[in-house]
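full-length UniProt numbering numbers the first residue of the sequence shown as 1 and each following residue consecutively.
Rather than coming from a laboratory, the hints here were simulated on the basis of the structure.
Just so you know, even glycine gets a beta-carbon here, dropped at the ideal spot from N, CA and C.
Be aware that one or more of the hints could be misleading.
Derived CB-CB ranges, DEER-like [unchecked claim]:
1. G91 x M216: 22 to 32 Å
2. K182 x A59: 18 to 28 Å
3. E236 x D169: 23 to 33 Å
4. T136 x K83: 40 to 50 Å
5. E236 x T136: 15 to 25 Å
6. I183 x D31: 36 to 46 Å
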Amino acid sequence: MGGKIELKKAVDFFVRGEFFCSRRPASQIYDYDSIKHLAFGTTVAGRTDEFFVYNANPAPVMETINKQGAKKDYWLTVFSDEKPYRYDAWGYTVKSTDFLMSLNLDSWTFEIENKIIKHVKTEEEARRINQFFDKTVIDLTKLDDPNLHYYVGEENGHPVSHGSYFLLDNTVCFLDNVFTSKIHRRKGMAEALCRKMLMDAKQEGAVRSVLASSQMGHSLYLNLGYQDISKMWVFEKQS
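Work the whole structure out from these sequences, hints included.
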């Protein structure tokens, strides 16, 4: 997939994007050469910490993690095109296999979609969307962040899809939390949602986009023009 320099840049943008979108008041980000560490300060999506590894052997990775004293539930995400089997011996299990992807927005063109996609700007709208999905789709404490933008796709006046993007360094769009209700999938809603977010990000000055794609969403992003940079092996280590 991508070369080492390209991988390093993409990982850096991805980890920073993940940090800004998932951060809590006590969250911190640390950089140990080829290992990056997000310490959330609380439980976020089932983990208190996440370590991101690229171009590093397992032994020094384990040494670094042990030094941080991450004794609670945490994830270890390894960027590698081949499965890093050696982590199995340390008691890790694969939670998911994802894809780190990138899109050059300089040459990217968009089409106007015949879908209703809205940029969520008010607390009233955000509360309505959260209530409809019965979960925190939009973090009300981050609604005023000038770099974080929330979007919703609607059909017949009801939310059916949602997503967000964070603008890094005024030039990189980190796409995050893209979701479409099951009965509305494969109808073009997710693609329209992503195109709208990318179009707005490009107008803000973004020249590139990075994201992590699940197996299910991989074909969507390929259709949008994204390219694979690396596979992502997300391991769990529970206390």
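Checklist entry - Which of the listed hints are broken here? => result Numbers 2 and 4 - these are the hints that the structure violates, sorted from lowest upward.
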